[in-house]
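Position chain B relative to chain A; hints supplied.
Protein chains in written order, with our numbering: chain A, 4 to 394; chain B, 2 to 336.
Keep in mind that the hints are not guaranteed to be accurate.
[Said to hold, decoys possible] Partial list, computed: chain B residues near chain A (C-beta under 10 Å): (1) A156; (2) E248; (3) R288.
No lab work stands behind these hints: they were computed from the structure. Predicted model only: the values in this text are computed from it and were never measured. Ideal Cβ placement from N, Cα and C applies to all residues, glycine included.
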Amino acid sequence: MRSLRRTFISGICLAAFGAVGCKKSATSTSAGGSTAADRATEIIIGHYASMTGSTAHFGQDTDRGIRLALVEANAKGGVLGKKLRLVTLDDRGDSAEAANAVNRLIDVEKVSAVLGEVASSLSLAGGRVAQRRKIPMISPTSTNPKVTEVGDYVFRVCFIDPFQGKVMATFAHDYLKLTKIAILRDVKNDYSIGLADAFKASFLQMSGNVVAEQAYSQNDTDFSAQVTAIRGTGAQAIFVPGYYSEVGSIARTAARLGLKIPLLGGDGWDSPDLFTIGGDAINGSYFSDHFAPDVATDKAKRFVASFTTEYGQAPTGLGALGYEAAEVLVDAIARAGKVEPTAIRDAIAHTKDFEGVTGKITMDAHRNPLKSAVVLKIEGGKAKFETSIAP
Amino acid sequence: MKRTLLRAAIFVAVLLVIYGLGVACEAGFTEYVQRIVLLAGINVILAVGLNLINGTTGQFSIGHAGFMAVGAYGAAYVGVQLAPVAHRALGTGAVSNAFSFNLALLAGALFAGLSGLIVGLPSLRLRGDYLAVVTLGFGEIIRILFNNATFLGAATGYFGDDPSGLPAYTTFFWVYAWVALIVVLIHNLTFSQTGRSLTAIREDEIAAEAMATPTTRLKVTAFAISAATAGIAGGLFAHMQAGVRPEDFRFEKSIDMIVMIIVGGLGSISGAILGGIFVAVSLELMRDLQQYRLVLYALLLIVIMIVRPQGLLGRRELYQLFRKRKAGSGLESSR
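Excised from the complex, chain A in its bound form:
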């Protein structure tokens, strides 16, 4: 019995150490510290992400995009005569681990710049470390305005929430040529309030008319009062910057009450469930988003093609933004002319009219990008690229 137990334990130990050995030899990008010799021929870029845990798909999608961008840059000969190497550390979606990971990237892996995270609260934890250690960091997808307020070493490549309100106002006014719009906002949701306020300010500035302002709360199910109130005002469209579940019900209510005008919204609509809840009623509506897989630019087409060949599936918005963050960083290192954190930071800050997969990027003084957003039209249960709106 005793020997059986021994065999079992040694079996487990052997398997574990075997796993260690395989892992180390199998991947060139495994973590484990870098030597001075490595740094003479390589530029090391760190990525901290939730590769495991409940938001693992966020980290994994983003990491694929980043990896693809660096592989492509290396195929073109690298930057400044050096190859790029990515070190990805997992943070389990935990903020203590996120700060640990950024510290390790800086102290052990000696990275020149850091990419990450998806969730804004984790970017805040990691960003504070990067700021204190004066290593530039680019968050691919954290939309909370607070993230880049941490300090002058923290950037992002996605637009912040309120920007979408401005985009949809421009879209309604210049593209759809509408002048009378109603707003229906979710008063319990900061995201919705922020978008609605930004939309109203921009639309009034373009001398449009906001003919009605109605409100609802998250998890409401009956919207007939609001829709009836809007019906009498002659509005040509309704701006509903909420989440997909309520938006779907609102579209159904409007159809039932015979109000045949398009709804407009933001990236909170981006879910397949929108089409199941909204059904036919949601057809003909528009929403803004970071990226559309069928976007028309050559750059985006090339990206979608190579991503699909590499990983066997179309990129998500996260993958596209990860790719974009890595590209902005590579471009900045090339312009900096040397692999030195402060020089790279300055170069990122001076990014101007950079042609990325999700649009042209120019960094503003607050380290947020001025970039175009895409507007998608819903047709037949699918979101299709309609146009892109420059800031």
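What follows is chain B alone, placed relative to chain A:
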């Protein structure tokens, strides 16, 4: 009189040693290693506190992340409110920072202790699995409350008013001063008459009651003390992370704490210390494995449980290992 003087001398000596170690740690290690050392200290506080209720008293709580969250948010919020007052009264130097920091930690511990009392009073009349379920539910309720409290930043978390977050007051000195204080307090409690009564409750609650031990009162007291220590750990954690977010106090955090005390040896204070350090260090040592480290971590736990089901130290303390086991030392369980 002589005894008091001696105690004061020991107290000062310990603080000086901690201070010296802190200076050495800051000079000799990278920030990455320093952070892990701090996390290990915070884990030790969590484990030693949880061990009082789970190990010594034998009442299984699996919602201690909730108390840690209360302490973290409490300390962070009170600290931010208190800082301007302290600055006006004591200037802007280190003294005023230390004052408002420690007061904030105590406030966090008070909130956590009170919530421990509120949860403990009705639920500690339950036994075994039922108590575990109640504490689990409480931990989730706390997290969801913070997730929706807009004045505490809701889902994004609370970072104070400054964009760079809460001040980074959590230094080596303060973490390990609190570790020393809490370990000594819990140790003295465990080996006092009250501590023996707690052990009696663990071994046989009915027999303890028959001997006129006020079981419910003692259980609730131990629970509140345990919650308060988790609150201190939470406050230190908040000021190390420069912010608190509800997602850091998920159910997994409670499980981490239970792993610490089970690996170290349920019912042993030195075991809890070892376990706390183990959890902080082992995952970081396995970084080379990337996402597979969690697999190896789980395997490691399985191996430990097969080889030493009683944990690294069992119920013994470290200093008892070197002594010959005396029959009927009182600490050894009859098993």
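These are the hints, each one checked on the structure:
Below 10 Å, beta-carbon pairs count as interface contacts, and A156 (chain B) has one with chain A at about 7 Å; its hint therefore holds. With a cut of 10 Å, the hint placing E248 (chain B) at the interface with chain A holds, because the nearest CB-to-CB distance is about 7 Å. Interface hint status for R288 (chain B): upheld, as the beta-carbon distance to the closest one in chain A is roughly 6 Å, under 10 Å.
The structure meets every hint from the earlier list without exception.
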